[in-house]
Amino acid sequence: MPQTDDEQHEPKPQPRLSHVAGGKNIGDGVFKWMTAGFAATAILVLAAMLIQMTRASTLSLQRFGLGFLTEKEWDPVHEIFGAFPFIFGTVVSSVIALLLVIPVALGVAIFLSELAPAWLKKPLDLIIELLAAIPSIVYGLWGMFVLAPWLLQTIFPLLAKTLGFLPLFQGELQGSGRSMFAAGIVLAIMILPTVASVSRDVMASVPKGYREGVLALGATRWETIRVAVLPNVTSGIVGAIVLGFGRALGETMAVTMVIGNRAEISASLFAPAATIASMIANEYAGTSEALYLSVLTELGLVLFAVTLVLNIVSKLLVWRVGRMPGGARSL
Amino acid sequence: MITAKQMFQLRSMSAGVGVPEEKMPFNKENMLHNSADDAKSVGKMRVEHLQAWFGKAEIIKGVSLSVADKKVTAIIGPSGCGKSTFIRCLNRMHEVVPQALVSGKVFLDDVDIYEKQIDPVKIRSRVGMVFQRPNPFPTMSIRENVLAGLKLNGVKIPRPDELVEKVLEQAALWGEVKDILNRSGASLSGGQQQRLCIARALALEPEILLMDEPCSALDPIATSRIEELIHSIGKICTIVIVTHNMQQAARVSHYTAFFYMGELVEFNDTDILFTKPGKQQTEDYITGRFG
Chain L
1 MPQTDDEQHE
11 PKPQPRLSHV
21 AGGKNIGDGV
31 FKWMTAGFAA
41 TAILVLAAML
51 IQMTRASTLS
61 LQRFGLGFLT
71 EKEWDPVHEI
81 FGAFPFIFGT
91 VVSSVIALLL
101 VIPVALGVAI
111 FLSELAPAWL
121 KKPLDLIIEL
131 LAAIPSIVYG
141 LWGMFVLAPW
151 LLQTIFPLLA
161 KTLGFLPLFQ
171 GELQGSGRSM
181 FAAGIVLAIM
191 ILPTVASVSR
201 DVMASVPKGY
211 REGVLALGAT
221 RWETIRVAVL
231 PNVTSGIVGA
241 IVLGFGRALG
251 ETMAVTMVIG
261 NRAEISASLF
271 APAATIASMI
281 ANEYAGTSEA
291 LYLSVLTELG
301 LVLFAVTLVL
311 NIVSKLLVWR
321 VGRMPGGARS
331 L
Chain R
1001 MITAKQMFQL
1011 RSMSAGVGVP
1021 EEKMPFNKEN
1031 MLHNSADDAK
1041 SVGKMRVEHL
1051 QAWFGKAEII
1061 KGVSLSVADK
1071 KVTAIIGPSG
1081 CGKSTFIRCL
1091 NRMHEVVPQA
1101 LVSGKVFLDD
1111 VDIYEKQIDP
1121 VKIRSRVGMV
1131 FQRPNPFPTM
1141 SIRENVLAGL
1151 KLNGVKIPRP
1161 DELVEKVLEQ
1171 AALWGEVKDI
1181 LNRSGASLSG
1191 GQQQRLCIAR
1201 ALALEPEILL
1211 MDEPCSALDP
1221 IATSRIEELI
1231 HSIGKICTIV
1241 IVTHNMQQAA
1251 RVSHYTAFFY
1261 MGELVEFNDT
1271 DILFTKPGKQ
1281 QTEDYITGRF
1291 G
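Chains as they are written, first to last, in the numbering used here: chain L, 1 to 331; chain R, 1001 to 1291.
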């Protein structure tokens, strides 16, 4: 019988199998180590940057210590360097961006993942993602020449009239309109694709069974989203927001063009400000002094550390959603 | 008395098999189970020339049948024969999928659920559904899972604790979970999760309970518990169950419909269908010659 023949011949190929498994094939071994080497460069670059930047900022680290982060003065002529105005500008402009972007991005994500008809999904996805493809300098130009003057003439007076009792919306309505507020708006538009598309992806990863379970109990569309989708993706959406926050903190070119670049802390959103990134972009070419360069590098190090941590946090949060019970991966 | 053979013919005709749509004799009498055995039972749901599509693919090709009240009706057939799609049409769940289309009539107590002014959301609260894969809501506790449907429909629950106990008792789950009601529904075993889903559906006191292969993701012991459960709730509620397991259909149902390629081939008393099938295709399928 042919079957028994097969069984008798079976042991023969065995040595060849163990040959492959043992990695004696030289080509495969070389290939494996080569690719591993390339993969390692990513880690090496990260480590090298951290080490180099720390070394380059030694002078500033030794001179100012931790006080650097809280000092409010910035006076290069008298060698007084405080990072606080820039940290403040960075955080506040990014927070404004988040407050503006969260409702819009969630709306976009819910529409794309749950409600949009099939023919509309693809083009809308594309348009949202195109926003991310526009170079930052283009946003900067638009912010500088279109948005800022419009804000100054239309929006600022309106806000001052209606919400003027808040210190946030007080202050002079003169100048160029380049301000903390303008930076927040530009940042919001720039991080919208990130927040919206990551949120949409986590919502889409909710198993179909959850939605059908709720629908079959006599739930409306909105109830289905509220009961079956949102509670399961909160951590993923927080991850998307944190990712957007990280992007906003580090964004340089567009912010430099619209924020006004003044190292001052003002409660008014109409006033110009500066961020860490805009500060470095403005100053790096203007000095050869060792201490000044060291200070700028330390600013860079602060920004680097903060965005690195935020990115790790957001990755962890999004990753958790992908592992929910009954999710795509456990199917 | 009519003979069994005559009865198949009657049912087959009423099911529209082999009869062109326009010539199909529609006779309300024929649609009901009017044999001597079930003279008392009334058609709870009546399906007339139901067609369903996904995009351009016609999945259900004009099916008519009648579901007897407070009885268990099983739907069997090979994979891809449209049996799941068919029951998803009975509570308007088919249409939630993009590109899905339905035509025909489905009467629930003489009201066509596909009529324009009918809200599908209301229909789904009257016609419950249990799915192939147990899907308790993972962010809710066992107790919240049971009450979820009532909360969604805005029903005031005077004594929620009693209701939770009663419904879990009906679903044969109370003994196992009475001390862990606040634990997540996802912490239960697969079979327990499925019984929780049944309890969740029963809490709404559905007139009909649709079950789409409710045991296909479960082991044999969990399966037999669900089957016992179907037997007991079949007395208080009309059940339509889809199954690819013919023994299961034979064990739990009063009536069985055999679907093939989107058409209803044969519909009869379960005992008759499995012992003296009226159609060659049915016989081939139940004897394992294909499918």
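Please keep in mind that the hints were generated in silico from the structure rather than gathered at the bench.
All values derive from a computational prediction rather than experimental measurement.
Please note that a few of the clues may not be correct.
Claimed, not checked - One side only, chain R facing chain L, incomplete, derived with CB under 8 Å:
{"#": "1", "residue": "Asn1091"}
{"#": "2", "residue": "Gln1099"}
{"#": "3", "residue": "Val1121"}
{"#": "4", "residue": "Gly1128"}
{"#": "5", "residue": "Phe1137"}
{"#": "6", "residue": "Leu1147"}
{"#": "7", "residue": "Ala1148"}
{"#": "8", "residue": "Leu1152"}
{"#": "9", "residue": "Asn1153"}
{"#": "10", "residue": "Lys1156"}
{"#": "11", "residue": "Arg1159"}
{"#": "12", "residue": "Phe1274"}
Ideal placement from N, C-alpha and C gives every residue a C-beta, glycine not left out.
Hint numbers contradicted by this structure:
Violated: hints 6, 10, 11, 12.
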